Structure formats: C-alpha cells, structure tokens
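Undergrad: Next come the chains, spelled out residue by residue.
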Amino acid sequence: MYASQFEYHRPTSVQEAVALLSGNPDAKILAGGHSLIPAMKLRLAAPAAIVDIGRIAGLRGIAVNGGATIGAMTSYQDLLDSAELTGLYPVIHETAHVVGDPAVRVRGTLGGSMAHSDPAADFPAVMLALNASVTVEGPNGTRTIAIDDLFVDLLTTSIDADEIITGIVIPAPTGAAVYEKHRHPASGYAVVGVAVALGGSGGTVRIGVTGAGAKATRATAAESALAGQTLTKENIAAASALAAQGIDLNNDVYASGEYRAHLVTVLTKRALTRAAGL
Amino acid sequence: MSVAKVREKAKKLAAHMLEASEDDIVYENGKAFVRGLLGSAKTIQEIALAAHVAYDLPAGMEPFLDETTYYDPPNCTFPFGTHICVVEVDRETGEVVPIRYVAVDDVGNVINPLIVDGQLHGGIAQGLAQALYEGAHYDDDGQLLTGTMNDYAIPKATMVPTYELDRTVTPSPVNPMGAKGAGEAGTIASTPAVANAVIDAVSHLGIRHLDMPLTPERLWRAMQA
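Residue numbers (this note's numbering), protein chains in the order written: chain G, 413 to 690; chain R, 20 to 244.
If we strip away everything but chain R, and leave its shape as in the complex, we get (with noise of 0.2 Å):
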C-alpha cells in the first residue's frame, strides 16, 4: 500500500515536471510518462531527486517520496505444507542418520525466492536439531553442563542432507499482496517429521515414542529393552 501511495505521488510530481496534466502520465517500468509519448519519460529516480531536492514541487506537495502506512489485517495467514524425512538408525549403536528431507510448502505469493528458501534451510535445520541433537542438561545442583559449543549440539552441513524443496501458491485474501508468513514454516514441521522418522524405523521393535534428542544412547536403550 505504500508503493501505491509513493506511485500516486511519483505520477503526480512527473505531471508537474511534463507540464502534462495527472491524467494523462503513465506510469510503467520505472518510467512516468505522457501516454503515447514514450520519449518524454520520466524514470523513478529522476522524479525522486526532484522530490528530494524539493526545488519545484506542485503546491502542498511534501518533499521526498517516502510513505509510511498502517495495515490492520482481517485475519492472521495460514501457511502449510508437507515435510518428509527419511532416516537410517544403527542397529548396534542407535546412531540416527538423516539421509533424505523433502518439504512442499504454501506460503502464498513469494516475493523472493532465495529469502523463502533461506528461512526454509535454516528452520529444517534448527527442527531437525531438535529431534536429534540439542539438549540443555543441568546437575542436581542447576548448573548448565551443555554450557559452550563443546557440549551442545548443533548440527554442522555435514551433518544435514540437501533438502529437496518445492512449492504450492494459494495466494492469501488477507493482504494485497497475498503473502503468508515464512518463518516458521521450517521449524514446526521439520522435529516431528525427523522424530516421527525415527520412530518409524524403530516401531517394529515395540516402540512408540522416545523423548528428544534422539541420541544414540536413547535409541540404543529402547532398542535393548
């Protein structure tokens, strides 16, 4: 709404610099122009300076091109989509062994691509860091034992598989630009896509859940019993 808001103005201030009237600009590609006269185009930078400099603006014009709005949404955004791990466990030593992840998510239009993908690498990671890895674990006395790096387990890209990502579009009605959030879509699927992968692979053992991280001692003692 703010790009709106900053088109409106930049059509109105090249109406001022062509000597042409509001209604006749047009606004494409970058290029305020009079409609039919490609020629005499203003681009999106020239009419920014112009607005910056603020030496002849149309009355009650403001200088800059710079617009703030304020977007109370009908309605929160449903992202979703489906994750799906394969995993290898060590029959001997319980070592859990991620070797496959796939994950198909909606979150409505994407702006970009790269930044969609990004958040998706990391939340797959820190999920699947979850179910396998992480552990804060405190003495009787409550001091932190996993207290540096040395400890506490997170995973390195070794240690991941190359995910295979992919997409639904369901555009949202709740904004214009039918976006949904992004942030989390890799996280909340990702740890129980990894545990329920685990315990799948041990379930004809007798097995139906097992307390994360799933560490190879915890899955070598409920293989045992």
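Extracted from the complex, chain G is given alone in its bound form (with noise of 0.2 Å):
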C-alpha cells in the first residue's frame, strides 16, 4: 500500500526537530527509515508529519576514549567500519553484522534501534548488557537514559513524544561480551536473542534478552544466581535454566512461547560458555 499522506520537515538542528515535534503530537522522526518506512506502508503507522532528521551535522560519528560514545544517526554499517569500536567491543560487531541484511545495515541507526525498542530488535538486548545509556535532548534540554530505563514495554520506551536521542554512551568494557540470536528464517529478526558481558573479576553479570517478551529485558534471575562466581559449566547450566523467568512470552506461529523459553536457556547458555571462554 501507499503510506497515508503526510507534511515533510527536514530540520537542520537538533532545536528545530525538537520544535517540530512539540509543534506536533502526531510527528514521527526518520532517522534510518527501515522501520518506519515499512509500518507506514502498511499503515500500521500514520503519523501526520515525518521529521527527517538525516541532515542534522553531529549526530553520527564514534567516539572512542576508554568507553564510547556513538552517534544517534551512526548506521549498523558505520559499526561495523569502526576498528576502533571493534577492538573495544567485538560483541557491537558480531551484533550489527547479523542485523537485518546489508540494505538495512547501511541504513538503520543505532539511535533508531533504542527508540523504536522493537520487541525483536538485536541491540536493545546487547545495550542492556553493556550497561549503556541514552542521552536525549527536548525542550527543555538535555538529559541522560539509564539503559535499565529505558525499554518500557512493546514499541515504548521511556523517551518523551518531544524528545530526540542525540547519542548512544557505553562505559569501558568489563568483560568479554558476546550475542547468540536464533534468526528468523523469514523476517531476519530475532527470535530470541541473548547478549552477555561479564563483569570482570568480582563483577556482575549482565543478560540482555530480546525476541521473547514484548520489550529487550534483562535475565536478572540469571545473573543473581551468577552474582560474584567463577563461571563453570555447572553454574552456567543452572543459571541459564532461570534465564526466562519473569518474561510475559510472545507466541506465533514459527515459535510457540514454550520454544522461546527453550531457546532462552539455551542461548544465555551458549553466550555465558563463549563468553567465558569455556
């Protein structure tokens, strides 16, 4: 189908988009499209007004310096170009090399990914265990996202109708980090996805899980149960047999919510093991 018909902004600063969307209730921002684009196609999404946000100077780019600081606009691709990020974080580029496909990898952003909080979305699980946040500016300025707080339920996160998120900030790393994603042969997404990063000697645990519940969350019966050991095989299986707990499971018909369950244990498994080097 044809998107319903709607106005065009294309602001060229972060003040004027935040304008546009305060001026607007039923405005959508466009960042890298493959999202928005395809729900408005089947107006599943009908927003009056798009902000195209491409234009805007500083909102892609990659910094580096003991943690980093990503860009909202930096596309899958751009992480994937990033040796620097790679060194720093090989889990960022094992995330975005199995996001969608190279279409969707040179287009869809980062920023995108944590607004738009897609129940199947890959980096809402891998941000959530690198412990990231969010920076967003609105109208009345800015201010700073936990990543705990940020994924509310489906399609929702804690970001204000008038807010843009300007950036993406991941402290230094901890502890090997690793993403383990069942792929849905159809679609690309994540059935069930599980990101690890452990947290150095004495440290916690992080999982991210995304693809099972209705919002990425984390496994924290997982990580309690992990809390101050050693990784062995023996505590990686029995954590990882508590890994879906709490999570309001999705069902369709290429996986029931019993197969997600299954498959939550069986990647958090798989990513504590690798990421452990067992």
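Calculated directly from the structure, the hints in this document are not laboratory data.
Just to be clear, a hint being listed does not mean it is correct.
As the list claims (entries may be wrong) - Residues from chain R that face chain G, not an exhaustive set, calculated with beta carbons under 10 Å:
#, residue
1, Glu111
2, Asp170
3, Met178
4, Trp239
5, Arg240
Stated by the list, open to error - Incomplete in silico selection of chain R near chain G, CB under 7 Å:
#, residue
6, Thr112
7, Tyr152
8, His156
9, Leu164
10, Asn169
11, Tyr171
12, Ala172
Claimed, not checked - Here are a few chain G residues that sit away from chain R, every Cβ distance over 10 Å (derived from the structure):
#, residue
13, Gln427
14, Glu428
15, Gly473
16, Leu492
17, Arg517
18, Thr554
19, Asp572
20, Gly615
21, Ala637
22, Leu643
All of these numbers come straight from a predicted model, not from anything done at the bench.
Think of the CB as a built atom: it goes at the ideal place given N, C-alpha and C, for glycine as much as any other residue.
Both chains are given apart, each in its own frame, so use the hints to dock them into the complex.
TA: Here it is, written out as structure tokens:
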C-alpha cells in the first residue's frame, strides 16, 4: 500500500527537530526509515508529519575514549566499519553483522533501534548487557536515560514524544561480551537473542534478552544466580535454566512461548559459555 | 524439425542466388555453397535477408525463413536422477542446516547447459524451502497469518549450500533432439532428499516421520518426546 498523506520536514538542527515535535504531537522522526517506512506502507503507522533528521550535522559518529560515545544516526554499517569500536567491543561488530541484511545495515541507525524498542531487535539486548545509556534532547534541555530505564513496553520507551536521542554512551568494557541469536528465517529478526557481558573479577554478569517478550529485558534471576562467582559449566547451566523467568513470552506461528523459553535457556548458556571461554 | 525445414528452404534459395542446381548446394557452418566452391558461399544471414526483402525468389517460394512445425511425440520423456543432501540438526535448538547437496540428473541431450543448471539450482532451492521453511498458516477464522515475506520463509542464498551437480546423458528416443524435460528435476527430488536427511539424522531417537516444514520447534518437540 501507499502510506497515508503526511507533511515532510527536514530540520537542520536538533533544536529545530525538537520544535517540530513539540508543535506536532502526531509527528514521527525519520532516521534510517527501515522500521518506520514499512510500517507506514502497511498503514500500521500513519503519522501526520515526518521529521527527517538525516541532515542534522553532528548526530553521526563514533568516539572511543576508554568507553564509547556513538551518535544516534550512526548506521550499523558505520559500526561494522569502525576498527576502533570493534577492538573495544567485538560484541557490537558481531551483532551489527546479524542485523537484517546489507541494505538494512547501511540505512538503519543505532539511535533508531533504541528509540523504536522493537521486541525482536538485536541491539536493545546488547546495550542492556553493556550497561549503556542514551542521551536525549527535548524542549527542556538534555538528559541521560540509563538503559535499564529505557525500554518500557512493546515499541515504547521512556523517551518523551518531543525528545530525540542524540547519542548512546557505553562505559568502558568490564569483561568479554557476546551475542547469540536465533534468526527468524523470513524476517531475519531475533526470535530470541541473548547478549551477555561479563563483569570482571567479582563483578556481576549482565544478560540482555530480546525477542522472547514485549521488550528487551535483563535476565535478573540468571544474573543473581551467578553473582560473585567464577563461571563454570555447572553454574552456567543452572543460571541459564532461570533466564526466561519473568518474561511474558511471545507466541506466534513460527515459535511458541514454550519454545522461546527453551531458546532463552539455550542461547544464555551458549553466550555465557562463549564469553567465559569455556 | 522446423530447423530442418529452414535449412532446406535456405538451400533452395541459395541455389537460386548462386544460379546452381539445388543438388549441388552444401550447407555447413552457417553457409551454403556450391560443392567444392567455398568462395561462392552465401551466409545464412545473406540468405535470410534475401528471403526477407523477397526481390528475387524462386517461383512458388514464399518470403521469410520462418517455419512452424507441430509434433506429437509418441510418449512422454522420463528424466531421472539421484539427489543426496547432508544436514546437521542442532540437538538443542532443532535448527536444521543443509551443509551439502549433490545432484546427478539425466535430462537426455543437453542443448544449453547453463539453462539446465539454472533450472536445477532454482528447483533444488524450492524443494529445500518446502522441506525446511515454507508454510502457509491460517487462523481459525481462515485468515492467512503468514501473509508477507516477513512471515513466510523462503531461503536466501546464504541459507542453501553450494550445489554439486553432475549429469548422465541418456538421449530420449521420442524426439529428434533426444532431450528430456529439466524443469522439475530440481523440485521433485530435493524435498524428499532434504526431509529424508533430517529424519535420518534423528532416527536414532526413534523418529520416523515429521510433517514439513521441518522447523526448529518441530524438531525440538520431536526430539523431546
């Protein structure tokens, strides 16, 4: 189908974009477009106005300094192309490589993935594991949202309608991090995806799960079971069995809730095993 | 047979163009010439042009080198072959990965090997898709749930192995070219080759049959039982 009628705006600054959003509650931001435009063509989304932020200077780029600051409009391909970022966080390279397909990776943005909170997107799980945070700018200025507070529900974040993400900040790595994904054979989305980041000596592991429920979440029961311990095959198996706890499981023609819970356990186990080098 | 008719007409017209008797005309490698006098040759292009402009044709000859022939073969052709697929089944997730595919087919005389291989490539992918990926699902109200390419899975190039193809050639006796059909050679063998490989992989668990598509969940449930 064709999308329904909309006004098109292309601001040249973040302030202008914010003003457009404030002035039009029915406006949507256009970043890479690979979630918004298909939704509009299916008429699942029908915003009255599109605010194309693609020409705003300074929103795209990767700065590495112990940790990393990634501009919201940085594409998955940009992530793949950054040797510096890959050296610091191989998990980002590994994940960007399995998002969608090359066409999606050239256009899709990290900020877009964070803002959209698709239940089957890959990077929300990874950012949860890496304990990232997101900087947003709105009419009242800038603020930082911790990743644990970002994903609220299906396609819903704690970002206000008149705020835009400007960057994603990732702290210095604490240990090995990996991402395991069971890829849907048609859509390429994560049926289940599990990201794991080890906490360094004595530190807690962080486990991000996507695809299984309405939003990406941390597998807190599994994390607690491993608190303060060195990973072994035994404690990994025991913790992985708890990884799906608390998730209201998705269920569709391709994968039932029961199978998804099983995949969460298997992928958590594989991710922990690989991260621990066992 | 149309080609034979065209050749005969071309020879007749060449004879007329070369002012020779038709019996003295030889047609070889796209040229018609008086036997022994290669230098006199008219190319098929020149003959076709002469037939097309029709300024000077032998009495009773219609313009154009254009023939249609209808042929009723005495029997169907019977292409045959053997396909073998090697798969790996993930014990924990039930995911099936086809890692090798070998196909030896006999489609009689092959006129264009590129096209025949292409038919096999596409057909094998389709049959493999039927075994592992494709499934149209409806809800209780008859609504198609797998209504877009986002839900209905067909394999991408990264999801199929590089095929190893070979041929035997047993010409068909029922047509002058000795050719057999090649359009279904890929599809018919591949679905059972893939499905049988998967069942073979899990047969030690007592599994004898599974409905297609052999999705990971279906395999997982069967392996649990």
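Undergrad: Compare the structure with each hint and give your call.
TA: Evaluation of the provided hints:
Interface hint at R:Glu111: satisfied, since its Cβ lies 5 Å from the closest Cβ of chain G, which is below the 10 Å cut-off. For R:Asp170, the suggested interface contact is upheld, since its CB lies about 6 Å from the closest CB of chain G, less than 10 Å. The beta carbon of R:Met178 comes within 7 Å of a beta carbon in chain G, closer than 10 Å, and the hint placing it at the interface holds. The beta carbon of R:Trp239 is positioned within 10 Å of a beta carbon in chain G (closest approach about 6 Å), and the interface hint is therefore held.
Nearest Cβ of chain G to the Cβ of R:Arg240: about 8 Å, under the 10 Å cut. The hint holds. Here the hint on R:Thr112 is kept, as its CB sits about 6 Å from the closest CB of chain G, short of 7 Å. Because the beta carbon of R:Tyr152 sits about 5 Å from the nearest beta carbon in chain G, less than 7 Å, this interface hint is met. Contact between R:His156 and chain G, as hinted, is supported at the beta carbon level, the nearest pair being about 4 Å apart and thus within 7 Å.
Annotation: R:Leu164 was flagged as interfacial toward chain G, and the flag holds, the nearest CB pair being 5 Å apart, inside 7 Å. Hint status for R:Asn169 relative to chain G: holds, with the closest Cβ pair at about 4 Å, below 7 Å. Taken as an interface hint, R:Tyr171 checks out: its beta carbon lies about 6 Å from the nearest beta carbon of chain G, inside 7 Å. Look at R:Ala172: its Cβ gets to within about 4 Å of chain G, closer than 7 Å, so that hint holds up.
At roughly 37 Å from the closest C-beta of chain R, the C-beta of G:Gln427 stays outside 10 Å, upholding its exclusion from the interface. The non-interface label for G:Glu428 is consistent with chain R: the shortest C-beta to C-beta separation is roughly 34 Å, beyond 10 Å. The Cβ of G:Gly473 sits about 30 Å from the closest Cβ of chain R, beyond the 10 Å cut-off, so the non-interface label holds. Listed as outside the interface, G:Leu492 is consistent with that label: its C-beta sits roughly 17 Å from the nearest C-beta of chain R, beyond the 10 Å cut-off.
With a cut of 10 Å on Cβ distances, G:Arg517 stays outside the contact zone with chain R, its closest approach being about 14 Å. Listed as a non-interface residue, G:Thr554 keeps its Cβ farther than 10 Å from every Cβ of chain R; the least gap is roughly 36 Å. No beta-carbon of chain R comes within 10 Å of the beta-carbon of G:Asp572; the shortest separation is about 30 Å. The Cβ of G:Gly615 lies farther than 10 Å from every Cβ of chain R, with a closest approach of about 28 Å, so its non-interface assignment holds.
At the 10 Å boundary, the C-beta of G:Ala637 stays outside the reach of chain R, the nearest C-beta of that chain being 20 Å off. Non-interface call for G:Leu643 relative to chain R: holds, since the shortest CB-CB distance, roughly 19 Å, exceeds 10 Å.
In terms of the numbered hints stated before, the structure departs from none.
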